[in-house]
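> The opening position of the sequence shown corresponds to residue 1 in this note's numbering, with each subsequent residue numbered one higher.
Just to be clear, a hint being listed does not mean it is correct.
Stated by the list, open to error - Computed spacing ranges between beta-carbons, pair by pair:
1) Glu139 to Lys213: 25 to 33 Å
2) Phe28 to Gly207: 22 to 30 Å
3) His257 to Gly107: 49 to 57 Å
4) Phe28 to Tyr264: 40 to 48 Å
5) His115 to Ala80: 31 to 39 Å
6) Glu147 to His228: 35 to 43 Å
7) Ser293 to Ser67: 36 to 44 Å
8) Gly37 to Gln97: 18 to 26 Å
9) Lys81 to His257: 42 to 50 Å
Unchecked claim - 25 Å max Cα-Cα, derived DSS-like pairs, lysine-lysine:
10) Lys231 to Lys242
11) Lys4 to Lys38
12) Lys231 to Lys262
13) Lys231 to Lys206
14) Lys213 to Lys231
15) Lys57 to Lys23
16) Lys262 to Lys210
17) Lys38 to Lys5
18) Lys57 to Lys4
19) Lys5 to Lys73
20) Lys73 to Lys4
No wet-lab data here; the hints were simulated from the structure. Where a beta carbon is used, it is the ideal one built from N, C-alpha and C, also for glycine.
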Amino acid sequence: MTEKKTAFMVDSGCEPTLSFMKKYDLEFVGINILLDGKRYVDGEQLLQEQFYARVDKVRDFATSPPSQSDMIKKYQALKAKGYERVIDFHMSSKLSQIFSNSQAAKGFIPGLEVHVIDTNHVSAGGYFVAEKVIAMINEGRSMSEVEAALPEITQSAQVLLSTSTLKYFVKNGRIGRAKGLVGTLLRMKPVLIIDDGMVTPFSTEKGMEKAIKRIADASLEFISQRPHNVKIYKAYGADSNKAFVDRAFDRLMSKLHQIPIKDYEVISGRGWPTVTCHTGPEVFALSVYGERSPI
């Protein structure tokens with residue numbers, strides 16, 4: 001148990017599952033979703049099912065972060081509930097301004113200890129980082145221990161994804177080092193990785209089946225070097241992509257016996273609108289977490 005009354009908060013870009021939020025009684029911050037210019041708060045005014053039912057009918061979709069003022073109000077509300085400390089997890093600062101807005105906001109709440117954590121990831125990578133840190137705090141470990149371990153924690157997560165088109169990455173400016181793939185998409189399928197907080201090319205494959213194989217095999221290779229506290233998170237956007245992630249997951253599971261893993265956890269989810277606005281709906285991801293030695 002923690003000594004101070006502590007609130008844990010996570011944003012929608014970290015793709016928390018409902019069971020995860022319930023288990024730890026998480027506070028939540030939804031990124032703003034813009035559909036043809038109309039603003040909705042992810043997870044509050046716009047649910048996953050509503051987003052996927054509408055996304056094909058809109059001409060333009062994008063995201064915008066909560067403002068500094070929005071985050072001040074969030075922190076003030078937590079202080080009013082009697083919390084003495086807030087540990088606030090956000091998607092990569094290289095993909096959204098929510099981290100910097102939260103950092104600026106925390107100085108306006110006297111008497112409330114606020115730690116803003118850049119997970120240096122998006123999607124399941126953010127989930128993995130948040131879950132590990134929360135577990136450490138609940139074990140009674142100090143924030144200084146957490147901060148010292150954070151680089152290793154972030155490096156213990158790998159997010160691999162594929163999509164039939166990169167036009168949404170290009171349009172929203174999230175492509176980073178992946179822009180060189182655009183010209184190859186008619187004949188190749190990209191496999192992308194979240195590397196140092198950015199979307200980066202991992203490989204290009206001749207067809208979706210080879211992309212699926214590459215994602216599964218690279219995930220196996222990653223956790224073979226990190227066999228402790230293993231977690232596997234499969235997620236998809238549009239319904240048409242569920243079969244792709246299922247095949248990648250099945251291939252990974254069929255080979256898992258090859259490596260010395262005693263226990264692992266499987267998490268399933270659907271892409272939050274925050275994430276899917278960056279990637280486009282035609283996306284699926286297989287993400288893994290594993291530690292070289294227990295952190």
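> State the violated hints by number, sorted upward, taking the hints as numbered earlier in the document.
1, 2, 4, 5, 6, 11, 13, 15, 16, 17, 18
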